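*Asks:* Chain by chain, the residues run as shown.
2 protein chains.
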Amino acid sequence: MRERGLDPTKVASAARDDIDTFVELHIEQGRVLESARTPLAVVSAIVGTAHLEVTVTGQPDHAGTTPMGLRRDALAGAAAMVQAVESIAKSLGKPAVATVGKLNVEPAQINVVPGTVVFTVDLRHPDLGGRRALEERIRSLCGTISEERRLGLVIRTLQEKAPVAMHAEVRTLLTRAAKECGVQATEMVSGAGHDAQILAAKCKVGMLFVPSIGGRSHCPEESTDPAHLRLGTEVLARSLELLAY
Amino acid sequence: MRERGLDPTKVASAARDDIDTFVELHIEQGRVLESARTPLAVVSAIVGTAHLEVTVTGQPDHAGTTPMGLRRDALAGAAAMVQAVESIAKSLGKPAVATVGKLNVEPAQINVVPGTVVFTVDLRHPDLGGRRALEERIRSLCGTISEERRLGLVIRTLQEKAPVAMHAEVRTLLTRAAKECGVQATEMVSGAGHDAQILAAKCKVGMLFVPSIGGRSHCPEESTDPAHLRLGTEVLARSLELLAY
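Residue numbers (this note's numbering), protein chains in the order written: chain A, 1167 to 1411; chain B, 1167 to 1411.
Read the hints as simulated data drawn from the structure, not as lab findings.
Hints should not be assumed to be uniformly reliable.
Restraint ranges, calculated between C-beta atoms of paired labels, are given here [stated by the list, open to error]:
id : chain 1 : residue 1 : chain 2 : residue 2 : range
1  : B       : ARG1322   : A       : PRO1273   : 41 to 49 Å
2  : A       : ARG1322   : B       : ALA1181   : 40 to 48 Å
3  : B       : PRO1392   : A       : GLU1302   : 51 to 59 Å
4  : A       : PRO1273   : B       : ALA1328   : 25 to 33 Å
5  : A       : THR1338   : B       : SER1257   : 37 to 45 Å
6  : A       : LEU1294   : B       : ALA1202   : 53 to 61 Å
7  : A       : GLU1302   : B       : ASN1270   : 28 to 36 Å
8  : B       : SER1257   : A       : GLU1302   : 47 to 55 Å
9  : A       : ARG1322   : B       : THR1338   : 51 to 59 Å
Predicted model only: the values in this text are computed from it and were never measured.
By construction, the Cβ of each residue, glycine as well, lies at the ideal position given by its N, Cα and C atoms.
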């Protein structure tokens, strides 16, 4: 930045306060629109996210000489917790999601009962109460499982982001713009984070989604039907027209 | 070996056929004797072992944008299988044991639904029929879980060892020797492999176990009460006397 004559220490002075409304067009990055055969969505809210790290401690023992009843198997306990994370998210129902993406076992020997397992939980909900309910139930059930199995349990919060609602006026306007372009847009929650989430602190925000083929995202297969890209830009243009005049 | 004037190519000629009975004294390497407050055991059999490698394939997806119902989560499926391995061994009852010691997740990202999980199963039983029943039930239940969850499943056998019974005459003789040393020995299965397992192909074999403190084995904490070590050597000596005269 300095080479170009800019001063990074003055970045705060670049903040703008002349923006009234921010409209973002994005690919969905999931399979919801494709599954519903819907070409366009107006986003209602961006989910809140919490990332947890769960450490389960048992006792490493010889896999041949330790009867099942004398074990404190960290992986068997962690497996019950992974199941619990999935079933709690399912039982809370859409749009709650919870995912165990990483799981490491120690000492990781074929003939040793695992002594320690560390796994992560990614949990998301567009409503702060829903996000907290999801987390509380997961923490509680992991606690019950660890007590029943005489395992140590430590749950650490790695990250927390509050959910952000899109502005009601902008949602209405985007739905109208879609209708004027001949499309009945559906409303949906965004499970991924977006720029609109940050700008919501500064101005009115709204988002449009077009379908992702096969829901693929962040990989070489990421793609969207050109007809959907065209529709998205048309509705975006009509939205800006409606906002400006 | 060559430096010492020995020829490694002639190792087969060192095989002995003049051994009638082989008696092995060993620490238990588990917690069974300590839990039962028993100072000595006569081994009835050494378990048969099978090592399996299980590969579960689902689809990696964005943890935020993929609703629970559209997922093919390899780790959620593998967790159900880990639970199944434990519950099958428990329901078959002692002395069956089954252990998942290693488990690797891909792509192992906090915000990605796992696409592939590879885990190992170590399963043991002193009776070949029992060992096979254990393996068949595990294979069958893993198959059911993978079908229900639309996951790919490949189970590969890494290693198989048949169970080995200790010789009936030697077992009787060891129990008598213990009695003559003032101890009522219990009978138990060895969950770990031992030299007697190999020599059983050549001669009559028998084994004595003394307790391991806390069941610890293959670690710096491995230890046995000196009184138990002394008892073991006394019973061993009496056994050899009974065998020789």
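*Asks:* Does the beta carbon distance between A:GLU1302 and B:ASN1270 stay inside 28 to 36 Å, or does it fall outside?
*Replies:* holds (31 Å)
*Asks:* Tell me if the beta carbons of B:SER1257 and A:GLU1302 are separated by a distance inside 47 to 55 Å.
*Replies:* violated (33 Å)
*Asks:* With 40 to 48 Å as the target window, see if A:ARG1322 and B:ALA1181 comply at their CB atoms.
*Replies:* At roughly 59 Å between Cβ atoms, B:ALA1181 and A:ARG1322 fall outside 40 to 48 Å, so the hint is violated.
*Asks:* Between the beta carbons of A:ARG1322 and B:THR1338, is the distance compatible with 51 to 59 Å?
*Replies:* For A:ARG1322 and B:THR1338 the Cβ distance comes to about 58 Å; the hint holds.
*Asks:* Holds or violated: 51 to 59 Å for the Cβ distance of B:PRO1392 and A:GLU1302?
*Replies:* holds (53 Å)
*Asks:* Do A:THR1338 and B:SER1257 keep their Cβ atoms within the hinted range of 37 to 45 Å?
*Replies:* violated (59 Å)
*Asks:* If you check the beta carbons of A:PRO1273 and B:ALA1328, does the distance land in 25 to 33 Å?
*Replies:* Roughly 27 Å apart at Cβ, these two residues keep to the hinted range, so it holds.
*Asks:* The hint says 41 to 49 Å between B:ARG1322 and A:PRO1273; measuring C-beta to C-beta, is that right?
*Replies:* Because 22 Å falls outside the window, the suggested range is violated.
*Asks:* Per the hint of 53 to 61 Å, is the separation of the Cβ atoms of A:LEU1294 and B:ALA1202 within bounds?
*Replies:* For A:LEU1294 and B:ALA1202 the Cβ distance comes to about 54 Å; the hint holds.
When held up to the earlier numbered hints, the structure conflicts with 1, 2, 5, 8 and fits the remainder.
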